[in-house]
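Chain order of the listed sequences is A and B. Each residue of the first sequence is one higher than the one before, starting from 1 at the first, in the working numbering. Each residue of the second sequence is one higher than the one before, starting from 1 at the first, in the working numbering.
Rather than coming from a laboratory, the hints here were simulated on the basis of the structure.
To be clear about the criterion: a stretch of chain A counts as covered by chain B if any three or more of its residues have a C-beta under 8 Å from a C-beta of chain B, and this derived list gives those stretches: (1) 39-52; (2) 115-129; (3) 223-232.
Computed Cβ-Cβ distance ranges for the label pairs, DEER-style: (4) B/13 to A/359: 36 to 46 Å; (5) A/459 to B/25: 54 to 64 Å; (6) B/45 to A/206: 37 to 47 Å; (7) A/437 to B/29: 23 to 33 Å; (8) A/181 to B/13: 32 to 42 Å.
Calculated pairs, DSBU-like style, for lysine-lysine (alpha carbon to alpha carbon, straight line, at most 35 Å): (9) A/259 to A/508; (10) A/123 to B/70; (11) B/70 to A/181; (12) B/58 to A/115; (13) A/46 to B/58; (14) A/353 to A/303; (15) B/51 to A/181; (16) B/58 to A/123.
Note that CB positions come from ideal geometry on N, CA and C, so glycine has one too.
Read off the chains here:
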Amino acid sequence: MSLWSGTASVFAAGMVMAVWSGAALAQGKTATVAVGADISTTDPHKISGGNEYIFFTQVFEGLYGHDLKGQLEPHLATGYTVSSDGLTYTFKLRSNVKWHNGDPFVAEDVVYSWKRATDPEIKNPRLAILAGNIKEAKAIDSSTVELVLKKPDASMLENMGEYWYIVPSHAAKVGHEEFAKNPVGSGPYRFVERKVKDSFTLDAFKDHWGRKPGVDRLLVRIINDAQTRVAMLKTGEADLVVDVPLQSAKEVEKDPNVKLHVVPSLQNIFLTISNRKSDGTWKDVRVRQAVAHAIDRKTIIDKVMLGYAKQTTANCQVGVLGCDTGKPGYAYDPNKAKALLKEAGWDPSKTIKLVGIAPGRTPQSKEVAEAIAFFLNQVGMKTQVEIMEYGAWLRFAYAREADKADLIFFTWTDYNNDPMGRLPRSMRTDGALSWNSHPELDALIDAANGFTDPQARLAHLRKTWTWINDNVPQVGLWTVDMLYGTRKNVEWTPAPGVSWPVLWKLAKK
Amino acid sequence: MGRFILRRLLQTAVTALFVTMIVFALARLTGDPTVMLLPTEATQADRDFLKNQLGLDKSVPEQYFTFISKALSGDFGTSFRYRVPVRDLIATRLPATIELAVLSMVLATVIALPLGIVSALRRGSMIDRLARWFATLGLATPTFWLGLMLILFFAVTLNWLPAAGREHWSSRILPVIALGWFSAAAIARLTRSSMLDAMQSDFVRFERLSGLPEFVIVLKHALKNAAIPIVTYMALQFGVLLSGAVVTERVFAWPGIGSLVVDAILERDFPVVQAAVLVTAILFLLINLATDLFYSWLDPRIRY
Chain A
1 MSLWSGTASV FAAGMVMAVW SGAALAQGKT ATVAVGADIS TTDPHKISGG NEYIFFTQVF
61 EGLYGHDLKG QLEPHLATGY TVSSDGLTYT FKLRSNVKWH NGDPFVAEDV VYSWKRATDP
121 EIKNPRLAIL AGNIKEAKAI DSSTVELVLK KPDASMLENM GEYWYIVPSH AAKVGHEEFA
181 KNPVGSGPYR FVERKVKDSF TLDAFKDHWG RKPGVDRLLV RIINDAQTRV AMLKTGEADL
241 VVDVPLQSAK EVEKDPNVKL HVVPSLQNIF LTISNRKSDG TWKDVRVRQA VAHAIDRKTI
301 IDKVMLGYAK QTTANCQVGV LGCDTGKPGY AYDPNKAKAL LKEAGWDPSK TIKLVGIAPG
361 RTPQSKEVAE AIAFFLNQVG MKTQVEIMEY GAWLRFAYAR EADKADLIFF TWTDYNNDPM
421 GRLPRSMRTD GALSWNSHPE LDALIDAANG FTDPQARLAH LRKTWTWIND NVPQVGLWTV
481 DMLYGTRKNV EWTPAPGVSW PVLWKLAKK
Chain B
1 MGRFILRRLL QTAVTALFVT MIVFALARLT GDPTVMLLPT EATQADRDFL KNQLGLDKSV
61 PEQYFTFISK ALSGDFGTSF RYRVPVRDLI ATRLPATIEL AVLSMVLATV IALPLGIVSA
121 LRRGSMIDRL ARWFATLGLA TPTFWLGLML ILFFAVTLNW LPAAGREHWS SRILPVIALG
181 WFSAAAIARL TRSSMLDAMQ SDFVRFERLS GLPEFVIVLK HALKNAAIPI VTYMALQFGV
241 LLSGAVVTER VFAWPGIGSL VVDAILERDF PVVQAAVLVT AILFLLINLA TDLFYSWLDP
301 RIRY
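Please model the entire structure based on the sequences and the hints provided.
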């Protein structure tokens, strides 16, 4: 009896606590965001992966960046001019910008940010993309900065928001380590506290030059389990959750207290073909085209991805620069696939190996690999699937040992609409994750950043994607939709084209 | 006794050393952490530099020696991924794991011991049948499923308790139930069968004949005799709970050692894996030692 009354009192007390904690949450203007993985650093020049941007997007800014619709806009700059050789950029800086510690933003901060981002001691993992190509940064006056490049870089402005954050020269005084512990930026939120693998807290920055968050505080909690994140959304413990699992999306949609946001992302899912395989399996373009025709993407998207993906054509998504080639891509046509294989003299007794990724990293990755194998078998390509844990897969993908696989299931998230983040690394012959060897494509990629006229560059990128579409060095499948959930009283629209939440305008009623 | 404790402590140290060797070697078989730590644009030179920074360019015995010599002074190195001292990571998460383990064990004991005893004394009765049903269900229910169901019912549907975290004491209730039920079920079954044996033994019959009150016989004599297997199991189970109730911690977003280690393994964060395994191995061994000492109190015939 005493046991039962004890249990009852524990539950009663639990109820009181739950009601009390709910009341406390409603009074303040704190928004709780639940994400699946922690950031690895708070130092803007040590970013190593896409999931770090949930922090950096809110706290730091580049000279240029993207607005909430994904369009390029000036952030810490107000405009720029570029020399005719494409090597010298002169930026006019925004005048009313303050750092989170109250210091004014000046041209020297930009010069310092270049020095810091390229400092060997920092060992910036993203150096190669942008800052490493700057030969010199000069402060012309307190609100004008000149950047001299080593070689023309037409992607530079697009990349400024993610690859080169501006920091105050105050960082030099406190030292790299201390700066990372208490980072000072200029973004709409300022850093308050970080508990590794638990949470981080940001406060709205009242003196921001232009944006005013609708909440006073953001508490970003690391909740690994996706079902738990959904439960927290339903109970109101979280106001916004990132990565609602596909299987829970319908259930979230039905809940009257919450809202599901489905946003097309730039997380590309594709098959890389082992083009350098020594037995010449993939030399004939007809064999590669057969693979592209053999896979019923629509059925896989509907049945395996539960509808939360957008089919791609030449392995790029609508909106990516130059992707609008006018080519329809490869329709599901098993008969055509069979005919192409026959023409190419495909040996039906041959077995090909498809390397996939174990569950947990990319939605339904294992099931997708199995479905692809099914469709390839249907057209007479005997396919054997090998599923690898993500770390092992990554090692395998980097090793690029052409004879060890035929098709490799890939996930690759672009950070913006400019394809030059992915093309050199994923498709150029010596790219870190490229299994290709097509000199023609290499030449197209090499030339892409030498343009100063945006229209001419766009035309060149269209030509590049057309080549990719026709020659199938990779088989584009789809881009995965980002799924967010918010409470009904939260006002927020996710930004398209990025796989992290931009929270500048998040508000709570 | 003193010599016994000293000998066991030495054994503990040697076992812990072996554990670290195995973990150290196995971790390094899983591959190169720089693949996970650097972005795709990193060059081979970047990887080599990072390997050098992390000390991974040295031979494995050399790395091991560095780790052990530092660990002896309480320095477990720096997390590859989070660049913070591993000691701090463990120190912030160990209390949460210990708390969950202790609370679950207390809940399990408070439920299971009386249930096991009553069901042994009233064998075949309604309460015995209910107790066995409770135990079977507890043993057969997967913890992650139970955890999710508890969240669904008490947090989502009724909105009584929080679904995750460790902020309020009310957030302890669900994980403790999810974790405690399995232990309670096992302890209840074990208590029942041990008590049944004890109650049928000669000394109980003798004590009954000598007119001792039944509750003295049950609680003081029979239970003490039945206790050794129960205590052994509880100690083992407590050790398991301390090494991190991985699934429960994940489902309830409980900031403990279990979820830390799982992520560290997936991220190839060797220093975190090594330190966490070393700390939990030592805790496990110490609990075993304490259990052995407890035996001699339970059964004076056991002498060390």
